[in-house]
Amino acid sequence: MMNDKDCPTHGQGVKTAVIMAAGLGTRFGKMTETVPKGFVECGGMSMVERSIQTLIACGIERIIIGTGYLKEKYEALKEVYPQIECVFSPRYAETNSMYTLWNCREVIGDDDFLLLESDLVFEKKAITSLLECPEPDIMLITPVTKFQDQYYVEYGEGNRLTRCSTIETELDAKGELVGIHKLSNKFYRAMCEDYARKVEDKPKLGYEYELLTMSQEIMKVYVLRVEGLKWYEIDDVDDLNYAEQHILPYL
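Just remember that the numbering used here sits 188 ahead of the position in the sequence shown, which is counted from 1.
To be clear, the hints were calculated from the coordinates, so they are not data collected in a lab. Warning: the hint list may mix true and false statements.
Claimed, not checked - In silico DSSO-like links for lysine-lysine, alpha-carbon gap of 27 Å or less:
id : residue 1 : residue 2
1  : 390       : 313
2  : 362       : 418
3  : 392       : 261
4  : 408       : 203
Stated by the list, open to error - Derived CB-CB ranges, DEER-like:
id : residue 1 : residue 2 : range
5  : 244       : 386       : 30 to 38 Å
6  : 425       : 344       : 32 to 40 Å
7  : 405       : 282       : 36 to 44 Å
8  : 322       : 218       : 21 to 29 Å
9  : 267       : 221       : 40 to 48 Å
We put the beta carbon where it would ideally sit given N, CA and C, even for glycine.
Let the sequences and hints guide you as you build the complete structure.
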């Protein structure tokens, strides 16, 4: 099995990142009545700003944020970080992450990019591992560590993505989705073309499932398993407390 140590340093020239940040964040209750989920503070800094600073430190020059709920909060970040471009999705309340990603297609243009969620805390290694691996289309996973809302991943020969599910018994789980990816523009365009045919039927589709469809039918998605990576997806107050106690001290 190949892991992050097996991928030689091989800069792919990726200088763009896309952050999914359109969601309502209802599981945070009153905390997201006045700010979007990405602005919930973890260790004294909002999750999204922590991610932005890490991306810039890793050489990312364009940061496209797919916005929805309370979009003005993200737009205000442009005053501090000129690298940011925001793309508003007016249908954010009735759609999901694949729609948000699809809605960014004109601004993304011809760029290859990193794709990540707005509700993550992670060490720099999560980004550098993707940038240094020569594979063009990568799903980052780790051994299963999260205590709730896990998204399990299975891969086969050549580390090709074969299945993913929120139910561990449905597949041969070899790790857990982190929520950070590297995508070539060719792969992204194929995703958009496929999704355009079913957008009205599946507005709630998560981009993870579109990645899986592409990997099974058209183009390989490489699964990069990084051992010992410190990260956490923060969906509610319990997650927030866990991340502050067990993850942030290592970042």
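Here is how each hint holds up against the structure:
At roughly 34 Å between alpha-carbon atoms, residue 390 and residue 313 are farther apart than 27 Å, so this suggested pair is violated. With a CA separation close to 18 Å, the supplied pair residue 362 and residue 418 stays within the 27 Å bound. Taking the CA atoms of residue 392 and residue 261, the gap is near 24 Å; set against the 27 Å cutoff, the hint holds. The straight-line distance between the Cα atoms of residue 408 and residue 203 is roughly 22 Å, inside the 27 Å bound, and the hint therefore holds.
Roughly 35 Å separates the CB atoms of residue 244 and residue 386, a value that falls within the hinted 30 to 38 Å. A C-beta distance of roughly 38 Å is found between residue 425 and residue 344, which places it inside the suggested range of 32 to 40 Å. Checked against the hint of 36 to 44 Å, the pair residue 405 and residue 282 fails, with Cβ atoms roughly 27 Å apart. Under the hint 21 to 29 Å, the C-beta atoms of residue 322 and residue 218, about 46 Å apart, miss the expected range.
A C-beta distance of roughly 23 Å is found between residue 267 and residue 221, which places it outside the suggested range of 40 to 48 Å.
In summary, the structure is inconsistent with hints 1, 7, 8 and 9 from the numbered list given earlier, while agreeing with the others.
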